[in-house]
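Asker: Going down the list, the protein sequences come from chains B and D. Numbering follows full-length UniProt numbering, in which position 94 of the first sequence is assigned residue number 94; successive positions increment by one, without gaps. Numbering follows full-length UniProt numbering, in which position 127 of the second sequence is assigned residue number 127; successive positions increment by one, without gaps.
Do not take every clue at face value.
As the list claims (entries may be wrong) - The calculated lysine to aspartate or glutamate pairs, modelled on DMTMM-like cross-linking and capped at a C-alpha distance of 25 Å, are: (1) Lys247/D to Asp189/D; (2) Lys202/B to Glu258/D; (3) Lys247/D to Asp278/D; (4) Lys203/B to Asp214/D; (5) Lys62/B to Asp10/B; (6) Lys215/B to Glu275/D; (7) Lys171/D to Glu189/B; (8) Lys215/B to Glu258/D; (9) Lys251/D to Asp230/D; (10) Lys102/B to Asp214/D; (11) Lys212/B to Glu161/D; (12) Lys216/D to Asp206/D; (13) Lys16/B to Asp162/D; (14) Lys281/D to Glu331/D; (15) Lys162/B to Glu189/B; (16) Lys313/D to Glu331/D; (17) Lys191/D to Glu179/B; (18) Lys339/D to Glu223/D; (19) Lys215/B to Asp230/D; (20) Lys212/B to Asp214/D; (21) Lys154/D to Glu108/B; (22) Lys339/D to Glu189/B; (23) Lys247/D to Asp87/D; (24) Lys171/D to Glu85/B; (25) Lys191/D to Glu275/D; (26) Lys132/D to Asp162/D; (27) Lys156/D to Glu108/B; (28) Lys212/B to Asp222/D; (29) Lys171/D to Asp10/B.
Because the hints were derived from the structure by calculation, they are not lab data.
For reference, the chains in residue letters:
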Amino acid sequence: MKQLIQIIEDDISVRKLLEISFKEYNFSYISCENRRVAMTMFLSHQPDLIVLDLGLPDGDGKEFIKSIRELSLVPIIVLTARDDESEIVASLDAGADDYMTKPFFVNELLARIRANLRRHSDKEALKEVYEVGELKLDISSRDVILKGELLKLTPIEYDLLKYFIINSNKTLTHKQILEEVWGIGYQNEMQYLRTYVNTLRKKIEINSTRPKLIKSVSGIGYRFSID
Amino acid sequence: MKLLFSKYKEHKYIVNIFGLLIFITLISHLFRNHLDVINITLLHIIPVIIVAINGKLRSTLLIAFICVILLNFLHIPPLYSFSVHNDYHILSFIFFGVIGGIITYQAKNLDSQKKQNEIRESLLNIISHDLKTPLSTIQGSVNLMLSNSNLDEKSKYSLLEDINYSSQRMKRLITNILDSTRLSNKNIDIKHQWCDFEDILGVALDEFSQMQNDEKLIIKIDELSLFWGDNTLLTQLFINLLDNAFKYSKKGTKIYFEITNYKKHVKIKIFNENEIIDKEKLRSIFDKFYRAEDSNDILGSGIGLSICKSIVKLHNGKIEAIAKNNGISIEVDLPIIKKVRI
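Go ahead and model the full structure; you've got the sequences and the hints to work with.
Answerer: Written as structure tokens, this is what we have:
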């Protein structure tokens with residue numbers, strides 16, 4: 001069955017672009033241009049994923065994310081023309097799964113949609129073993145294996161890697177990671193995160209200056225990317 | 001000779017003023033019996049005003065002084081002496097200086113406004129050129145594809161690549177223009193946080209195509225500790241430094257990027273081979289809208305390096321361009337103001 005994507009976007013040309021691409025790549029879609037209609041549509045159609053523009057004519061997209069999150073865990077990808085990092089961080093912290101800034105490439109958006117759909121369906125059954133290329137993480141034994149060899153990680157490095165892998169292809173804010181891995185009260189201790197990401201990269205990336213797995217999202221956070 | 005002539009042209013107004021002074025002295029002297037002292041004084045202020053309009057304080061004060069002397073010697077009793085027996089006259093002499101000063105100041109203001117207008121105009125010219133060039137590529141390619149439905153896949157693909165490349169260029173330029181206005185706003189406060197230079201370099205490199213990097217770039221990074229600075233601005237600094245090096249380096253040559261740790265500062269060095277640029281020009285390389293000569297075929301607004309300078313300044317560091325070994329090395333020193341404790 002085709003998966004259903006809900007588009008909430010008030011700009012006609014962007015909406016048209018999204019509709020054409022979704023049709024081309026075999027998704028069904030429903031679209032609207034404001035919050036009020038979007039909520040009704042969401043309740044009646046139960047879409048598999050939402051693509052949401054932040055600046056809507058009848059109110060802020062962040063509020064909409066919050067009200068959706070009270071009802072459902074459906075993946076939400078935010079589209080925004082605002083370059084303001086704090087705005088993006090706020091919507092991710094409000095519960096959005098990912099974001100793209102305009103202008104954007106359609107194939108990148110489609111890749112993110114697929115990744116989020118996949119991760120969402122995986123979530124129902126939390127896996128025991130995660131495999132990313134030549135990297136293998138075993139939840140029950142806490143073993144991390146790279147190219148067939150056991151990798152020595154400190155407990156925090158392990159927790160960080162595990163959190164990244166479970167949330168792969170999702171943009172995680174610095175605050176979210178610090179809260180999840182180090183605990184509440186650590187959300188502003190950026191130096192821990194920077195240092196541990198740096199050492200973790202040296203252990204799992206082929207070239208730590210050009211990381212392929214742990215990607216930095218400037219001013220926002222990190223994303224563990226799997227093709 | 002040419003130099004002398006141009007010097008003369010520049011100071012021509014002074015020569016004219018002396019002519020005018022002689023004329024005024026003659027007139028006042030001939031009609032001294034018909035004119036009151038106040039009229040003669042007013043006549044003598046004319047040269048002061050004319051000089052002041054040129055906006056040079058020293059010439060203004062010189063002419064004001066000469067006028068006062070002439071006035072005093074020839075027209076203020078006791079005549080043919082420098083003594084003054086009425087305090088009002090001293091006051092009017094001071095007015096000469098004050099009037100000259102005020103007019104000079106205003107003239108200077110007008111001049112700097114004119115210069116600002118010139119800068120604004122050159123900004124508009126550069127931007128319109130640099131935005132229009134990629135835009136015309138996009139327009140042309142799209143038009144061709146719309147009007148010609150039987151293009152083969154290969155040419156279609158290359159047209160699309162052109163469109164892609166041009167739009168990326170436009171995006172980068174727009175970001176730079178926005179940054180430059182943001183940074184020239186003096187009240188900008190930088191958001192300090194712990195930064196990892198290796199991480200920043202990775203993000204910056206993502207802005208460029210993979211092929212471009214791997215062939216050209218040689219990276220050497222020290223074991224670095226975290227740096228206390230503005231992550232977004234430092235990323236922009238790296239992007240602009242790399243962009244500049246990629247743009248101006250010769251084909252088939254390498255670019256060296258180095259980050260070295262010192263006790264009190266971090267040094268970032270980027271070297272690319274290039275035509276030797278003389279010292280005078282190296283100094284102006286960080287000025288807004290400066291572009292190397294004969295670089296008209298290279299897209300760029302001359303904003304990039306000036307943004308680098310602003311960013312480095314905001315971090316209290318220094319940036320300089322040094323010519324060496326058939327190329328240019330741009331070196332940035334950023335002072336370490338806080339050490340990380342974990």
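Asker: Which earlier hints can't be squared with this structure?
Answerer: 1, 6, 7, 9, 10, 23 and 25
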